[in-house]
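Trainee: Sequence:
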Amino acid sequence: MVTIAGSGMGEYNFDNVNVDFSKFEMIFCDQNYETSLDNVFKGSFKVVKEAILENLDKDILYIVSGSPTFFSGALVIIAMLKKQNIPFKIIDNTSSLNYMLAHEGVSLVKTGIITLHGKTFVDLENFLTKDYTFVICDDDTPRILSEAASFLDEEDITITLGERFGYPDEAFSTTTLQKMLQNPPRMPYSLLIKRNYKPLPNISAEDTIEHENGMITKSYKRHISLQNLELQPNMLLWDIGAGSGSVSIDGYKRYKIKTILFEKNEKRAKMIQNSLKKHKILDTKLYIGEASEEYKKEPSTPQRIFVGGGGDKVISELDYLYERLAEGGIMVANFVTLQHLTTAITVLKHSNIAFDVKSVSLTTYKMSLLMPEPERVMHQIIVKKDS
Numbered sequence: 001m002v003t004i005a006g007s008g009m010g011e012y013n014f015d016n017v018n019v020d021f022s023k024f025e026m027i028f029c030d031q032n033y034e035t036s037l038d039n040v041f042k043g044s045f046k047v048v049k050e051a052i053l054e055n056l057d058k059d060i061l062y063i064v065s066g067s068p069t070f071f072s073g074a075l076v077i078i079a080m081l082k083k084q085n086i087p088f089k090i091i092d093n094t095s096s097l098n099y100m101l102a103h104e105g106v107s108l109v110k111t112g113i114i115t116l117h118g119k120t121f122v123d124l125e126n127f128l129t130k131d132y133t134f135v136i137c138d139d140d141t142p143r144i145l146s147e148a149a150s151f152l153d154e155e156d157i158t159i160t161l162g163e164r165f166g167y168p169d170e171a172f173s174t175t176t177l178q179k180m181l182q183n184p185p186r187m188p189y190s191l192l193i194k195r196n197y198k199p200l201p202n203i204s205a206e207d208t209i210e211h212e213n214g215m216i217t218k219s220y221k222r223h224i225s226l227q228n229l230e231l232q233p234n235m236l237l238w239d240i241g242a243g244s245g246s247v248s249i250d251g252y253k254r255y256k257i258k259t260i261l262f263e264k265n266e267k268r269a270k271m272i273q274n275s276l277k278k279h280k281i282l283d284t285k286l287y288i289g290e291a292s293e294e295y296k297k298e299p300s301t302p303q304r305i306f307v308g309g310g311g312d313k314v315i316s317e318l319d320y321l322y323e324r325l326a327e328g329g330i331m332v333a334n335f336v337t338l339q340h341l342t343t344a345i346t347v348l349k350h351s352n353i354a355f356d357v358k359s360v361s362l363t364t365y366k367m368s369l370l371m372p373e374p375e376r377v378m379h380q381i382i383v384k385k386d387s
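Note that UniProt numbering gives residue 38 to position 38 of the sequence shown, counting from 1, and the numbers run on in steps of one.
If you're looking for bench data, these hints aren't it; they were derived computationally from the structure. Hints are not guaranteed to be accurate.
Here are the simulated BS3-like cross-link-like pairs (lysine-lysine), alpha carbons at most 27 Å apart as the crow flies [as the list claims (entries may be wrong)]:
#1 Lys198 - Lys313
#2 Lys267 - Lys297
#3 Lys256 - Lys83
#4 Lys119 - Lys285
#5 Lys23 - Lys110
#6 Lys285 - Lys313
#7 Lys358 - Lys253
#8 Lys130 - Lys110
#9 Lys110 - Lys46
#10 Lys285 - Lys270
#11 Lys267 - Lys253
#12 Lys253 - Lys119
#13 Lys256 - Lys285
#14 Lys278 - Lys194
#15 Lys313 - Lys278
#16 Lys349 - Lys253
#17 Lys49 - Lys110
#18 Lys267 - Lys119
#19 Lys198 - Lys130
#20 Lys89 - Lys130
#21 Lys313 - Lys194
#22 Lys23 - Lys119
#23 Lys285 - Lys384
#24 Lys23 - Lys42
#25 Lys253 - Lys89
#26 Lys83 - Lys130
#27 Lys277 - Lys179
#28 Lys277 - Lys130
#29 Lys358 - Lys385
#30 Lys194 - Lys277
#31 Lys253 - Lys270
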């Protein structure tokens, strides 16, 4: 029988574990715990996991910090025990989440949860999608959050910092990302971030996105493009020849993707920056300059690429962009001229890259005159890279 117990908040000891320790043949815990018991075996999670699985014929107690069911390595062991039909018992305790919410008087229903402990990216599916976001942190968390929130204003969020829960010197305070960068919090710590803005509709009206005449992907073409990109949360999209940035903006709002935009025109780039701030787009970056030069400097590997502009140079390098694309990735390129479409097809054929071509058109009827107003046909190339 395996019993998994949480030690709650505070110092690494067994003071808050309400069990009879004498009933267990072996007790396992992290190497940071302090105890005077004789039958305690300490080690890293990997060592402890292997030791537990090798001694399943004994009565075992496994002690973890906080709650066993809240972002704990115990969940891995529980899954393995379930798979082998081995009986187990969980003795829960206070998690850092419950501790913070109880202190602040915030409902769990209104709270999203992300962990940045040992992580290098923000889970956009759960970050600032509810009124509150609880963040499990490590030393690098302030930097990661600052980069993800670079187009938010300081007043867009209110951050409660909780340091060293359960320790004699625990503290709660209101802070900002900039303050945490300048004066790193004391470990261990967690954050509760309140969203102070109301998200705009997922489908952006053209008058909510700054753009020059003709430099915005029409809404129906925009959403056909997003649909054909087959986006999933937290994917990285390169938006090349971004124009107004509308594809990236709606890509984030509808699918919660990460985006990198490339736009060479400084005036349009300024408009993009304004729209990214207005629509509260998270985890995005904008390169200003010749796209064909800038994307060669970017070290990331995109799961999706959208080509909405960039000129002849970008079209001539579709084969290069295909090589940069992640395995299983998709590239969608839109063209309104047959000349550019023909060039793109020639480049892809020369490199033996498989592709599909679609043509999209829409006719609008003015009610006052009942006369059709046809728009330019959009030709779309779709490239899917094998896994």
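Trainee: Against this structure, judge whether each hint is valid.
Mentor: Each hint tested on the structure:
no., hint, in the structure
1, Lys198 - Lys313, "violated (40 Å)"
2, Lys267 - Lys297, "holds (22 Å)"
3, Lys256 - Lys83, "violated (33 Å)"
4, Lys119 - Lys285, "holds (19 Å)"
5, Lys23 - Lys110, "violated (41 Å)"
6, Lys285 - Lys313, "holds (22 Å)"
7, Lys358 - Lys253, "holds (25 Å)"
8, Lys130 - Lys110, "holds (6 Å)"
9, Lys110 - Lys46, "violated (35 Å)"
10, Lys285 - Lys270, "holds (13 Å)"
11, Lys267 - Lys253, "holds (24 Å)"
12, Lys253 - Lys119, "holds (23 Å)"
13, Lys256 - Lys285, "holds (15 Å)"
14, Lys278 - Lys194, "holds (18 Å)"
15, Lys313 - Lys278, "violated (31 Å)"
16, Lys349 - Lys253, "violated (35 Å)"
17, Lys49 - Lys110, "violated (34 Å)"
18, Lys267 - Lys119, "violated (36 Å)"
19, Lys198 - Lys130, "holds (10 Å)"
20, Lys89 - Lys130, "violated (33 Å)"
21, Lys313 - Lys194, "violated (44 Å)"
22, Lys23 - Lys119, "violated (38 Å)"
23, Lys285 - Lys384, "holds (24 Å)"
24, Lys23 - Lys42, "holds (18 Å)"
25, Lys253 - Lys89, "violated (42 Å)"
26, Lys83 - Lys130, "violated (34 Å)"
27, Lys277 - Lys179, "holds (21 Å)"
28, Lys277 - Lys130, "holds (19 Å)"
29, Lys358 - Lys385, "holds (18 Å)"
30, Lys194 - Lys277, "holds (18 Å)"
31, Lys253 - Lys270, "holds (20 Å)"
In the structure shown, a violation is registered for the earlier hints numbered 1, 3, 5, 9, 15, 16, 17, 18, 20, 21, 22, 25 and 26, in ascending order.
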